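J.: Residue strings, one per chain:
There are 2 protein chains.
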Amino acid sequence: MNAIQPAINHHIPTTRRLSRRVRAQQDIIFEAYRSSKGSNPATRLAQSLTHMLHLQIESIHTQKTITQSNLSSILEDKSNTPISSPKEDISNKWEEIHGSNDWDTLLDPLHPCLRRELIKYGEFAQATYDAFDFDPYSEYCGSCRYNRNKLFEKLGLTRHGYNVTKYIYATSQIDLPQWLEKSQVAETWSTHSNWMGFVGVSDDEESKRIGRRDIVVSWRGTVSASEWYEDFQRNLERFGHGDAKVEEGFLSIYTTKFKSSRYNKSSASEQVMKEIDRLINLYKKRGEQQVSLTITGHSLGGALALLNAYEAAATFVNLPVSVISFAAPRVGNSDFKDELHELGVKTLRVVVKQDVVPWTPGMVFNEKLQSFDEITKGLEWVYTHAGVELRLDARSSPYLKKGLQLQGHHMLETYLHLLDGFQSSKLPFREDAIRDIALVNKECDLLINELRIPPRWYQVANKGLLQNDHGRWVKPKRDPQHIPSPTTDSVFL
Amino acid sequence: MNAIQPAINHHIPTTRRLSRRVRAQQDIIFEAYRSSKGSNPATRLAQSLTHMLHLQIESIHTQKTITQSNLSSILEDKSNTPISSPKEDISNKWEEIHGSNDWDTLLDPLHPCLRRELIKYGEFAQATYDAFDFDPYSEYCGSCRYNRNKLFEKLGLTRHGYNVTKYIYATSQIDLPQWLEKSQVAETWSTHSNWMGFVGVSDDEESKRIGRRDIVVSWRGTVSASEWYEDFQRNLERFGHGDAKVEEGFLSIYTTKFKSSRYNKSSASEQVMKEIDRLINLYKKRGEQQVSLTITGHSLGGALALLNAYEAAATFVNLPVSVISFAAPRVGNSDFKDELHELGVKTLRVVVKQDVVPWTPGMVFNEKLQSFDEITKGLEWVYTHAGVELRLDARSSPYLKKGLQLQGHHMLETYLHLLDGFQSSKLPFREDAIRDIALVNKECDLLINELRIPPRWYQVANKGLLQNDHGRWVKPKRDPQHIPSPTTDSVFL
Numbered sequence: 001m002n003a004i005q006p007a008i009n010h011h012i013p014t015t016r017r018l019s020r021r022v023r024a025q026q027d028i029i030f031e032a033y034r035s036s037k038g039s040n041p042a043t044r045l046a047q048s049l050t051h052m053l054h055l056q057i058e059s060i061h062t063q064k065t066i067t068q069s070n071l072s073s074i075l076e077d078k079s080n081t082p083i084s085s086p087k088e089d090i091s092n093k094w095e096e097i098h099g100s101n102d103w104d105t106l107l108d109p110l111h112p113c114l115r116r117e118l119i120k121y122g123e124f125a126q127a128t129y130d131a132f133d134f135d136p137y138s139e140y141c142g143s144c145r146y147n148r149n150k151l152f153e154k155l156g157l158t159r160h161g162y163n164v165t166k167y168i169y170a171t172s173q174i175d176l177p178q179w180l181e182k183s184q185v186a187e188t189w190s191t192h193s194n195w196m197g198f199v200g201v202s203d204d205e206e207s208k209r210i211g212r213r214d215i216v217v218s219w220r221g222t223v224s225a226s227e228w229y230e231d232f233q234r235n236l237e238r239f240g241h242g243d244a245k246v247e248e249g250f251l252s253i254y255t256t257k258f259k260s261s262r263y264n265k266s267s268a269s270e271q272v273m274k275e276i277d278r279l280i281n282l283y284k285k286r287g288e289q290q291v292s293l294t295i296t297g298h299s300l301g302g303a304l305a306l307l308n309a310y311e312a313a314a315t316f317v318n319l320p321v322s323v324i325s326f327a328a329p330r331v332g333n334s335d336f337k338d339e340l341h342e343l344g345v346k347t348l349r350v351v352v353k354q355d356v357v358p359w360t361p362g363m364v365f366n367e368k369l370q371s372f373d374e375i376t377k378g379l380e381w382v383y384t385h386a387g388v389e390l391r392l393d394a395r396s397s398p399y400l401k402k403g404l405q406l407q408g409h410h411m412l413e414t415y416l417h418l419l420d421g422f423q424s425s426k427l428p429f430r431e432d433a434i435r436d437i438a439l440v441n442k443e444c445d446l447l448i449n450e451l452r453i454p455p456r457w458y459q460v461a462n463k464g465l466l467q468n469d470h471g472r473w474v475k476p477k478r479d480p481q482h483i484p485s486p487t488t489d490s491v492f493l
Numbered sequence: 001m002n003a004i005q006p007a008i009n010h011h012i013p014t015t016r017r018l019s020r021r022v023r024a025q026q027d028i029i030f031e032a033y034r035s036s037k038g039s040n041p042a043t044r045l046a047q048s049l050t051h052m053l054h055l056q057i058e059s060i061h062t063q064k065t066i067t068q069s070n071l072s073s074i075l076e077d078k079s080n081t082p083i084s085s086p087k088e089d090i091s092n093k094w095e096e097i098h099g100s101n102d103w104d105t106l107l108d109p110l111h112p113c114l115r116r117e118l119i120k121y122g123e124f125a126q127a128t129y130d131a132f133d134f135d136p137y138s139e140y141c142g143s144c145r146y147n148r149n150k151l152f153e154k155l156g157l158t159r160h161g162y163n164v165t166k167y168i169y170a171t172s173q174i175d176l177p178q179w180l181e182k183s184q185v186a187e188t189w190s191t192h193s194n195w196m197g198f199v200g201v202s203d204d205e206e207s208k209r210i211g212r213r214d215i216v217v218s219w220r221g222t223v224s225a226s227e228w229y230e231d232f233q234r235n236l237e238r239f240g241h242g243d244a245k246v247e248e249g250f251l252s253i254y255t256t257k258f259k260s261s262r263y264n265k266s267s268a269s270e271q272v273m274k275e276i277d278r279l280i281n282l283y284k285k286r287g288e289q290q291v292s293l294t295i296t297g298h299s300l301g302g303a304l305a306l307l308n309a310y311e312a313a314a315t316f317v318n319l320p321v322s323v324i325s326f327a328a329p330r331v332g333n334s335d336f337k338d339e340l341h342e343l344g345v346k347t348l349r350v351v352v353k354q355d356v357v358p359w360t361p362g363m364v365f366n367e368k369l370q371s372f373d374e375i376t377k378g379l380e381w382v383y384t385h386a387g388v389e390l391r392l393d394a395r396s397s398p399y400l401k402k403g404l405q406l407q408g409h410h411m412l413e414t415y416l417h418l419l420d421g422f423q424s425s426k427l428p429f430r431e432d433a434i435r436d437i438a439l440v441n442k443e444c445d446l447l448i449n450e451l452r453i454p455p456r457w458y459q460v461a462n463k464g465l466l467q468n469d470h471g472r473w474v475k476p477k478r479d480p481q482h483i484p485s486p487t488t489d490s491v492f493l
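Chains V and H supply the protein sequences, listed in that same order.
Position 185, counted from 1, in the first sequence is what UniProt numbering calls 185; the numbers after and before it change by one each time, with no gaps.
Position 134, counted from 1, in the second sequence is what UniProt numbering calls 134; the numbers after and before it change by one each time, with no gaps.
Calculated directly from the structure, the hints in this document are not laboratory data.
Nothing here was measured: the structure is a model prediction, and the numbers come from that model.
Any given hint could turn out to be false.
Stated by the list, open to error - Some chain V residues well away from chain H (every beta-carbon gap over 12 Å; in silico):
| # | residue |
| --- | --- |
| 1 | Ser-91 |
| 2 | Glu-95 |
| 3 | Lys-150 |
| 4 | Asn-163 |
| 5 | Thr-256 |
| 6 | Glu-389 |
| 7 | Leu-404 |
| 8 | Pro-486 |
Claimed, not checked - No farther apart than 27 Å at their CA atoms in a straight line, the calculated lysine-lysine pairs in the DSSO-like style are these:
| # | chain 1 | residue 1 | chain 2 | residue 2 |
| --- | --- | --- | --- | --- |
| 9 | V | Lys-150 | H | Lys-463 |
| 10 | V | Lys-401 | H | Lys-477 |
| 11 | H | Lys-265 | H | Lys-150 |
| 12 | V | Lys-477 | H | Lys-463 |
| 13 | V | Lys-154 | H | Lys-401 |
| 14 | V | Lys-477 | V | Lys-463 |
| 15 | H | Lys-463 | V | Lys-401 |
| 16 | H | Lys-284 | H | Lys-93 |
| 17 | V | Lys-477 | H | Lys-401 |
| 18 | V | Lys-477 | H | Lys-154 |
| 19 | H | Lys-402 | V | Lys-463 |
| 20 | H | Lys-426 | H | Lys-93 |
| 21 | V | Lys-353 | V | Lys-426 |
| 22 | V | Lys-93 | V | Lys-208 |
| 23 | V | Lys-150 | V | Lys-265 |
| 24 | H | Lys-463 | V | Lys-402 |
| 25 | V | Lys-285 | V | Lys-93 |
| 26 | H | Lys-150 | V | Lys-463 |
| 27 | H | Lys-353 | H | Lys-337 |
C-beta: ideal position from N, C-alpha, C; glycine also.
Build the full structure now, drawing on both the sequences and the hints.
T.: As structure tokens, this is what we get:
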């Protein structure tokens, strides 16, 4: 047996053994990328292919074969390995990773440093789901379950080295079924606003590693049927000063405000723009030269990210603005796409081939039937996708069930799993992928049964009821520190 | 305001205030009952009616009115009150409460001491659901999650003063979809047996209070569709030595054994009969004169309870045998009913008027559609109910949703809630009912929304997955003390 080929069921974690090799690969690809910077696309392509070939050959020799029969043991092996790659200094290449060159040569094969960053942003997007209060019996239904200073701590995301500086709330003026319509409680924290995401910023240590101060905006995706309903709108509305038009449902969520509102006296757009402005000025005053804006979101959140990026790029000249979207639907017309390009917005759209949502804004998830319904039949498509696509194939992962999995293939955790395993369009799923595979089944039933991970396992014990001293099951009041507040949800750094 | 009429929203718990009055009522009824023991039924009826009238008048004057608008505050008041009535000595009237007189005059109005006992047995039946491992991804799916010595402690039932002495396992020889067919695990604790209930016995203190050593057998009801499927069998099989016939599906579960089996080398019947025999002899040796057998079960469990009672009464002469069943279907023909009567088996069938299961053995609960399907159309009924009926009306409780609630009206927790609130066929729901109302929604969606108790809230955090030191979500092994074992599941006292 080859010395570097790990034995099946070997107890020394494979991930650690391979990490030196992986890092060597990273260096090779990145060297090629940097040396090719000045050269023409054809040369770069050739170089890229050479490296891909190199990777492929090496991979065939060293990769532990994943078969049905050893899946459980692989999972068991993995269970004793860390979930984060070692942090690497990317300060000298951050602009490329941030998309300055449209991720050319970094996507296929996927550069490991880029993968790590994409997963970081994806986990920020996932945080907006994980922390959302879905409980219709809670008076805080539709809010974030944690205050912004505790969000990453509660979700185990402090390792990314970011702090949340502001929560974003949104509402909609379009006369459609109200948001929070499912709430059963008369007195609720807000009758018309929902927590829609957050603004965060990299801390000093992370900023050093990634070569700049990175402002991140994470937009929450679709939650309830009523929010999806916004997507049904088939009208395009003008956005900006030119001919750009975008889907009016998305625009309404992004721009609606009400004077009488507690959380939406200003629109989501105004809230987020004001916070970005504040942060830019803060770091400018501190004399920091390098500041970037990265906007992320899944599904509806990906659409909002694009609107946000358009506005930010038009407002803050010379600010590098990137969008990392997952499963985002089409948002606007070709003028919108062209203007985004002219504004210098870099967009990387991560899509799963089998997911139907990115192909239409008119898909609705029917929670009762656990399926998607198409409502846009006969509609002539004027919506256009913007940016560069990173296409993942659900069939590449040996851990996932085959066949039609409408819900599962749309879930962000599935995207992150496939991203973690993606090497290139020609190579199999990365055996040394390090993300926790169990996460895929958080809200769906996509992992093969052999793995014995229960479907839809992300749930609170007894739906939050606790037994009091008398033995009665009662709903405890929310800890005051986590009660939403229009003032404390954005405290200056 | 009347001095004994509690103010709405008053912070001194109403239950405590009323308890003296309730106890006084108990004494009145019981005195009447005892003094009427020798007299004829007509006299007893008249006396009973007088007391009922007395109760009704008093109740109208003192009962806090339950309206939609004050439900939440009532629930909040209740949340600070104990869940158990004070224990009362029933040693001088246990035989009547155990059914020696067919519960004559104790049911309408319901004697508070009887109510307390019925709820005790009902909670033993509920324990078989609450502790059952339903997880198809567990290698112990179909077993009890706790070892028998910890069962009551884990479920908060130690207050009843019983100890579990043996677990009962069952299988079936009828060639139907296998039990545990949903298990996804290849190596399971048992491929064909399910935990089907337990034998317990009152401890010294409780025995003193209830006037005798009480052996209890609690049978688990239907869990999966495949077990319900047993009910579809429309054939009656001979049971015993006479003309008694019972439904063959129930009989198969009760009597099947396999030589090669780990848990069913002996049938459920043999296991339970052997344990009853052992306990009777144990207490005979100790010189205890008074021993009773009380068999309880819900739904299918109620059917098994009746088979068990028939066999026990035929075997142990002079042993007082009672069945307290909830939502039990019909079990056998009229000869079976007559023989039960001749054997002296006392059966109290608690039924909810709106529940369809007690009216047929051919109802199946369709888990996907959350409804019952009837499969016995056109079948000529030969099945006969045995015993005395205590009929509850779901509409009597102001806490429950109105209308068709097929699943909710069959749940044992609903039965226990209605039982707790039942005063008589003429009186409204007892305002000072003390059981935790939230329990109703454990596995269904029956409580009115105003109460803000989530539907189907009885669930384990993250379906049992735990995050390990590396941050990965893993299924922990079951604590060795709770792993089922054919030998330690029945250790002699």
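J.: Evaluate each hint against the coordinates.
T.: Outcome of the hint check:
no., hint, verdict
1, Ser-91, "holds, 26 Å"
2, Glu-95, "holds, 31 Å"
3, Lys-150, "holds, 17 Å"
4, Asn-163, "holds, 20 Å"
5, Thr-256, "holds, 28 Å"
6, Glu-389, "holds, 31 Å"
7, Leu-404, "holds, 18 Å"
8, Pro-486, "holds, 24 Å"
9, V:Lys-150 x H:Lys-463, "holds, 24 Å"
10, V:Lys-401 x H:Lys-477, "holds, 25 Å"
11, H:Lys-265 x H:Lys-150, "holds, 25 Å"
12, V:Lys-477 x H:Lys-463, "holds, 24 Å"
13, V:Lys-154 x H:Lys-401, "violated, 37 Å"
14, V:Lys-477 x V:Lys-463, "holds, 13 Å"
15, H:Lys-463 x V:Lys-401, "holds, 20 Å"
16, H:Lys-284 x H:Lys-93, "holds, 22 Å"
17, V:Lys-477 x H:Lys-401, "holds, 25 Å"
18, V:Lys-477 x H:Lys-154, "holds, 25 Å"
19, H:Lys-402 x V:Lys-463, "holds, 24 Å"
20, H:Lys-426 x H:Lys-93, "holds, 25 Å"
21, V:Lys-353 x V:Lys-426, "holds, 15 Å"
22, V:Lys-93 x V:Lys-208, "holds, 12 Å"
23, V:Lys-150 x V:Lys-265, "holds, 25 Å"
24, H:Lys-463 x V:Lys-402, "holds, 24 Å"
25, V:Lys-285 x V:Lys-93, "holds, 25 Å"
26, H:Lys-150 x V:Lys-463, "holds, 24 Å"
27, H:Lys-353 x H:Lys-337, "holds, 22 Å"
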